[in-house]
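With positions in the sequence shown counted from 1, the corresponding number in our numbering is that position plus 1.
Treat the hints as calculated values from the structure; they're not laboratory data.
The structure displayed is predicted, hence computed values, not measured ones.
Hints should not be assumed to be uniformly reliable.
List time: in silico EDC-like cross-link candidates among lysine to aspartate or glutamate, alpha-carbon distance up to 16 Å [unchecked claim]:
| id | residue 1 | residue 2 |
| --- | --- | --- |
| 1 | Lys375 | Asp164 |
| 2 | Lys375 | Glu90 |
| 3 | Lys271 | Asp348 |
| 4 | Lys114 | Asp333 |
| 5 | Lys214 | Glu100 |
| 6 | Lys37 | Glu20 |
| 7 | Lys153 | Glu186 |
| 8 | Lys142 | Asp355 |
| 9 | Lys263 | Asp332 |
| 10 | Lys375 | Asp27 |
| 11 | Lys119 | Glu367 |
| 12 | Lys214 | Asp103 |
| 13 | Lys280 | Asp251 |
| 14 | Lys37 | Asp53 |
| 15 | Lys142 | Asp333 |
| 16 | Lys375 | Glu321 |
| 17 | Lys368 | Asp325 |
| 18 | Lys368 | Glu349 |
| 19 | Lys128 | Asp53 |
| 20 | Lys328 | Asp256 |
| 21 | Lys368 | Glu321 |
| 22 | Lys175 | Asp256 |
| 23 | Lys153 | Glu80 |
| 24 | Lys368 | Asp27 |
| 25 | Lys175 | Asp160 |
| 26 | Lys271 | Asp332 |
| 27 | Lys214 | Asp118 |
| 28 | Lys368 | Asp317 |
FRET-style restraints, in silico, Cβ to Cβ [to be verified]:
| id | residue 1 | residue 2 | range |
| --- | --- | --- | --- |
| 29 | Pro254 | Asp332 | 16 to 26 Å |
| 30 | Lys114 | Met2 | 26 to 36 Å |
| 31 | Thr218 | Asp272 | 50 to 60 Å |
| 32 | Pro34 | Asp248 | 37 to 47 Å |
| 33 | Gln88 | Ala196 | 50 to 60 Å |
| 34 | Glu90 | Gln154 | 14 to 24 Å |
| 35 | Pro197 | Leu240 | 48 to 58 Å |
| 36 | Asp256 | Ala329 | 14 to 24 Å |
Glycine is no exception: its CB is placed at the ideal position from the N, C-alpha and C atoms.
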Amino acid sequence: MVAVAGLVGLRPAPAHVAEVSCPPYDVVKEGSPLWKRLFANPRSMVHVTLGDTPADAIARLQDEGFVVRDDEPSFYVYEQRWMRGDQAESRTGVFVAVEVKDYSAREIIRHEKTFDDKVRGRVQLAKDTAHNTGPVFLLTKSPLAELFERAKQEAPLYDFASDFGGGTDLHGVKSRVWKVVADSELGRAMSERLAPQSLYIADGHHRYHAALKGGQTHALAYVTDGARILAYDRVVNGLRPFAEIRDALDLEPADAFTTPDKHAFRLYTKDGCWTLRAKDVPSDVVGRLDCSILERELYPHLALEHRHIPDPKHFDYYPESALDEMKAAVDDGRYELAIALHPVAIDELIAVADAGLEDSSIVMPEKSTFFAPKILTGLIVYRHTYR
2 MVAVAGLVGL
12 RPAPAHVAEV
22 SCPPYDVVKE
32 GSPLWKRLFA
42 NPRSMVHVTL
52 GDTPADAIAR
62 LQDEGFVVRD
72 DEPSFYVYEQ
82 RWMRGDQAES
92 RTGVFVAVEV
102 KDYSAREIIR
112 HEKTFDDKVR
122 GRVQLAKDTA
132 HNTGPVFLLT
142 KSPLAELFER
152 AKQEAPLYDF
162 ASDFGGGTDL
172 HGVKSRVWKV
182 VADSELGRAM
192 SERLAPQSLY
202 IADGHHRYHA
212 ALKGGQTHAL
222 AYVTDGARIL
232 AYDRVVNGLR
242 PFAEIRDALD
252 LEPADAFTTP
262 DKHAFRLYTK
272 DGCWTLRAKD
282 VPSDVVGRLD
292 CSILERELYP
302 HLALEHRHIP
312 DPKHFDYYPE
322 SALDEMKAAV
332 DDGRYELAIA
342 LHPVAIDELI
352 AVADAGLEDS
362 SIVMPEKSTF
372 FAPKILTGLI
382 VYRHTYR
């Protein structure tokens, strides 16, 4: 059974929640307009997550009253609302303290590789600040909607919209948070509802692995039973020009650069737009993913290998909501080719994660999923303990 507990949250004073909370560290690129705007705000949690003196930064926020600490363990129900085109969408989850256990316990299930350099940085930050500022994003098969609706009958702690001036999918997202005391009827019901099912890491593999390697007893987590994965699209510079290999591909002309159907890819260059359809869809859980098919069926034509995938000279990655930005990257000559994919389904991710329980070499390919919107950092901060 998964051990999930309430936490004594360190959180923004209500009057300052919009200026303290910020996007997660891994979507803030150094030197970007977003990075500059965040660091220009002395109250932003970015000074803790990416600043040079994180311990001083979190102490200053507490000393100056911009963040306050609750006095009893609680769950924090977190609703996000946003527009996708003209469609209103929402997602609700809950901040908890989840017991940190090795993956072999099969309670927290991963689907991604982690990289030591990123883990070391998160371990050091947790040690320096004694807190987790951003949560591990976890999926559960347990139904939570009814419990969330009960929590929403009370007045929220926060009700605000994030204004980051663009540069992040969190810009303009409306957030509401409700506090549920852990030792209440509803709090106990949440613990009991979450306990029987394993939890799947959707996002934040490096955060969880840092908590594991750092020896934390519990880690800050956000748990939801409903999430949407965006396609993780890409712009590409091949080692062989696309114009030279175009005739070798079975391409169909396309009217617009849009998200394609499953097992199809939309390609865009300065010369036009096409659809490329998969020739072979194997049965294994990783091989049948569209990003795996793309690597087998297109990249060799461009003389690209797996080792090139993380190299920014050859690839950059965008969520499917940024198709116009991808076109601009091609039109201004930074990249030669833009590729839009169909998004991975939650069931596909869980199938890969479950297969990885039997064979640890089975993981999702790099840059294959993008969960949106992200979870605000600094909304609920957790003082952790070590074993």
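* Asked: Which numbered hints does this structure break?
  -> 3, 4, 9, 15, 17, 22, 33
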